[in-house]
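Peer 1: Sequence lines, in order, name chains H and A.
As numbered in our numbering, the first sequence has no gaps in its residue numbers, which increase by one up to the final residue, 396.
As numbered in our numbering, the second sequence has no gaps in its residue numbers, which increase by one up to the final residue, 592.
Please note that the accuracy of each hint is not assured.
To be verified - Here are the simulated DSSO-like cross-link-like pairs (lysine-lysine), alpha carbons at most 30 Å apart as the crow flies: (1) H:57 - A:412; (2) H:369 - A:410; (3) A:445 - A:474; (4) H:88 - A:410; (5) H:269 - H:298.
Derived by calculation from the structure, the hints in this document are not laboratory data.
It should be emphasised that the depicted structure is a prediction, and the values quoted were computed from it without experimental measurement.
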Amino acid sequence: MQADKYKNYTATDFLKDRDFLRWQLFNREEDTLFWNDAVEKYPVLKLGIEEAVTLYKDNIRFNDFRMSHPEISECLVSLQGLIRHKKKRRLSKRIVMGVSAIAASVAIFISLPLLFNKNDHVQDISTFAQALPDNNDLYSSDTKLIVSENNTVVLNNKESSIQYEKDAIKADDNLILKEETSPYNQLIIPYGKRSVITFSDGTKVWVNAGSRLVYPAEFDKGKREIYVDGEIYIEVSEDKKRPFVIKTRQMDIEVLGTKFNVSAYEADKVNSVVLLSGSVSISSNAHNKEIILSPNQKYSNLENSCSVENVDANIYILWAQGLYQFESEKLGNIVIRLERYYGIKIECDAAIAELKCSGKLDLKDDMNKLLEELSRALPIIYRQNANGSYTINAKS
Amino acid sequence: MDVSTPDHISLFTKFKEGDDHAFSFFYEFYINDLYAYGISLGGEKEVVKDAVQDIFLKIYFEEKDFSSIDHLKYFLLKSLKNRLYNIYKSKVVSTMTGISEDVLSFSITTTVLDRIINEEDRTIIQQQVEDLLSKLTPRQKEAIYLRFMQELEYEEIAEIMDITPHAARKLISRSLKRLRDDEQLLLICLCMLIFP
Numbered sequence: 001m002q003a004d005k006y007k008n009y010t011a012t013d014f015l016k017d018r019d020f021l022r023w024q025l026f027n028r029e030e031d032t033l034f035w036n037d038a039v040e041k042y043p044v045l046k047l048g049i050e051e052a053v054t055l056y057k058d059n060i061r062f063n064d065f066r067m068s069h070p071e072i073s074e075c076l077v078s079l080q081g082l083i084r085h086k087k088k089r090r091l092s093k094r095i096v097m098g099v100s101a102i103a104a105s106v107a108i109f110i111s112l113p114l115l116f117n118k119n120d121h122v123q124d125i126s127t128f129a130q131a132l133p134d135n136n137d138l139y140s141s142d143t144k145l146i147v148s149e150n151n152t153v154v155l156n157n158k159e160s161s162i163q164y165e166k167d168a169i170k171a172d173d174n175l176i177l178k179e180e181t182s183p184y185n186q187l188i189i190p191y192g193k194r195s196v197i198t199f200s201d202g203t204k205v206w207v208n209a210g211s212r213l214v215y216p217a218e219f220d221k222g223k224r225e226i227y228v229d230g231e232i233y234i235e236v237s238e239d240k241k242r243p244f245v246i247k248t249r250q251m252d253i254e255v256l257g258t259k260f261n262v263s264a265y266e267a268d269k270v271n272s273v274v275l276l277s278g279s280v281s282i283s284s285n286a287h288n289k290e291i292i293l294s295p296n297q298k299y300s301n302l303e304n305s306c307s308v309e310n311v312d313a314n315i316y317i318l319w320a321q322g323l324y325q326f327e328s329e330k331l332g333n334i335v336i337r338l339e340r341y342y343g344i345k346i347e348c349d350a351a352i353a354e355l356k357c358s359g360k361l362d363l364k365d366d367m368n369k370l371l372e373e374l375s376r377a378l379p380i381i382y383r384q385n386a387n388g389s390y391t392i393n394a395k396s
Numbered sequence: 397m398d399v400s401t402p403d404h405i406s407l408f409t410k411f412k413e414g415d416d417h418a419f420s421f422f423y424e425f426y427i428n429d430l431y432a433y434g435i436s437l438g439g440e441k442e443v444v445k446d447a448v449q450d451i452f453l454k455i456y457f458e459e460k461d462f463s464s465i466d467h468l469k470y471f472l473l474k475s476l477k478n479r480l481y482n483i484y485k486s487k488v489v490s491t492m493t494g495i496s497e498d499v500l501s502f503s504i505t506t507t508v509l510d511r512i513i514n515e516e517d518r519t520i521i522q523q524q525v526e527d528l529l530s531k532l533t534p535r536q537k538e539a540i541y542l543r544f545m546q547e548l549e550y551e552e553i554a555e556i557m558d559i560t561p562h563a564a565r566k567l568i569s570r571s572l573k574r575l576r577d578d579e580q581l582l583l584i585c586l587c588m589l590i591f592p
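Chain A with its partners taken away, still in its complex shape (with noise of 0.2 Å):
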């Protein structure tokens, strides 16, 4: 979403300097993407409800020294992500003996919205393109997804990752390799099967 034009900037200056008319504007214009990566992280809807509104609260009463608009964005999803993992680690640690280190497991859902294409090729569609991306880890998963459909900056993945730019680099390069490797493979196999 493009969030350069003058009045985004105009506001995010005010949202700096604690005016209430934009806080909320930036408030109603992240909470869904918000959501949406709380959801993904595998947190059930009323705990990341609860959970967006903590960093909202703790965001009005502190210093806004966000460098831009982005850095707030990433920043938002970054302590969306530290708030759930600290509600469901606390639960793993009241309900089960030890505690897991994969609180969030992240997974990526495809919808195919029903405009001009017809049911059955949607299916087919959808498939494909889990099947595509069930070849990969969550955490491989959440940094293409940040990279590719949330068109965040490798700076950015790092920082919400908690990861090095570097890393995050590799994380997804790696990914990318993974998904082509399987294919090849395939390929191999269905060779030595047509011509054994």
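Okay, chain H solo, but in the shape it has when bound (with noise of 0.2 Å):
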């Protein structure tokens, strides 16, 4: 190797010359001797191998194969289902070698519990749900766990995640004790944020931003019953002696074990549930007769009516893995999901939100990006005002 053919050397040249790359490579203690004196002997080449250098680094990858987010995401959700799945089949098998050994004494204890009843002075979860003040919280920065009078958690993650225990709460890094705690909790998910919560009884619910969920801390002997206003995806766990219920201010859905949405914001006019597997009941005073619904069936309730179509339920949760799919749907009514989704105010022409459109956003990019590709698909200009928030006009 002679140092000297490398005087007129650029960055450039340097990265498609074979000895540079293998000192990049391979980092061989020669080779950095080389180069080392060759930059002694030629200071004018330091420049040049010093750009090479972050060149090499910046822009050359081996085997840079790699998923996206969203595929990543959904790794992620099918690995929980796989772990959810064996864990049920190993407590099954547990809960089957345990029962003959304590069949006896289940017939002396069974009616205790009845006794000891103590939830008779609680009130009922709608009543308590729709008495509670009608706050500003959607618009606050935080997620909001109230699990009593005094003791509100404030988690300030973009997607929280909520576990409750046996004997105690687990709220991102904070540890409620659940004696603590009164009859009925309630999470407040504010625009922008998201929460995924899990109950004792394995039920687990993804919560879209700005909405309210109220529970009881623990569920009773014979029913599982929260109350909902706003988006959730729930994936109920079997258990035919409690049915689950959940509860908005227009319908309640009665369930067994199965996977569904229910978007039930009270500020929208259209309340939805769409069912994934399994199969639920619902009552509205829409309707008289409850009306059940099949895997991959939508419910609609618009004020006094109601109806039933065929979709593909996959894409009406895929908000709880951070996408967006839509099908012919109203410039405006994507522009509401967008704004709850980031917590973002975007104004928009009533001229252009009838438009319609069809695709899949990627709600984790910022919301410049997703107005550009909107922008792509549609005759529209959008701009960012000072305060933060979007407006969007036709293009002239």
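Using the supplied hints, reconstruct the complex from the two chains, each of which is provided in its own coordinate frame.
Peer 2: Listed below in structure tokens is the structure:
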């Protein structure tokens, strides 16, 4: 190797040089010595070499195979499913083994819980939830978990995770003892945040931005009830003896064990339920009889009427994985969802709110990128205002 | 990647205690390293993805007695390799008559990102790097990749490649020598052409 041939080399020339590349690849002592010598002899090389080293580090990748963020989230969700499935199988094995041993004592103790039922004075969940003051918590910057009158846990993660265990509640890094809680707990997810909550029976709920959830710290022996104002995707853990009821202002949804999405923002006129698997029955003032849904059906409730249609249920729960897919959806509705999800105000002309489009957005991207993508598909232009909000207009 | 920040260490402690949040964190943290390693070993995308799920599922339900975050990393890499080996070995048996030893064959693909550098130069750079690496056997490539691109210690490479640390050192030094000897050979040939 001769150092003088490099005198007129640019950074890119170095990158094309085998000796230089071998030095960068394997960092061998003898190569390092050679290049140090070269710089000492010809100081003019220094700049070019330094630049080439930076270029190499920044631009050359080996076996650069990677999955996208949504792909990874999808994998994680499916792994969590596999884990739950395996846990359940293990649990049921353990239960079968334990049953014969405790059968004798069951007969004696079975009537005791009734004697000590102390929940008699507890209010009905809907009454309790609807009597709560209408505050501005949905515009706050933090998620709030209200476990009792004088204990509110503030969670500032964008995606918080809450777990109800036997004696305690884990909320991100906080640990709250259940003894300290009121009969009903309340979870408030402001715009721009999300949360995943796991109840002690194993039921898991993904709570979308701008939602409020009310539920007992511990489910009753005979029923499991929660109250929702907003949107959730729920995977109900099966328990034939304790039906799970989701109450909203306009409807009650009763299930045994299943997966489905509920969108029931009190601010929205249309409420909906989309079923992934299992079955649910819905009662509402809008209809006398209960409506039973099958998988891949969507129930919509608009003021005093309702309808059921067939849909691909999977697209309705993508938000739980940070994706938003829509098919010939009005721009106005897309904007409402984005506002909620990001907690950012978007003004949209009435004239273009009726434009329809289809596609998929990655909700992990920032708002600029999403609006950029929308404006590529539709004849619109957007701008960001000084206060952080956005305005969308028709392209002139 | 620097994994020794206090945050990572406290997460790692939680991970070992079986905390779900910490588990998801390390899953997301290493999934692309594993994915890339699996593809480099010649695995198909979906097979690699499934294999990664298998090993994490197994770890979730097992005692997590890893001595360090690095230990976790090479344990994952090694488990993935074993898993892929088993998957492909059984496929070979079922489709062909004999078992071939080389079920997995490591390759290194070079990517030159398109910032600043123009396309023509990118192609030349990529070609040069690939020429350099093409002199190596798949096993040598794997060792080189683990040592210089994943920055693992010889002991860890030995663990993953199922050889002694001494053999790992030898494998890598021999690969480097091979790259160098070839260059010299080329130089000698050139000299002979120019000054016969």
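Peer 1: Now look at each hint and say whether the structure bears it out.
Peer 2: Hint check:
no., hint, in the structure
1, H:57 - A:412, "violated (34 Å)"
2, H:369 - A:410, "violated (36 Å)"
3, A:445 - A:474, "holds (15 Å)"
4, H:88 - A:410, "holds (23 Å)"
5, H:269 - H:298, "holds (16 Å)"
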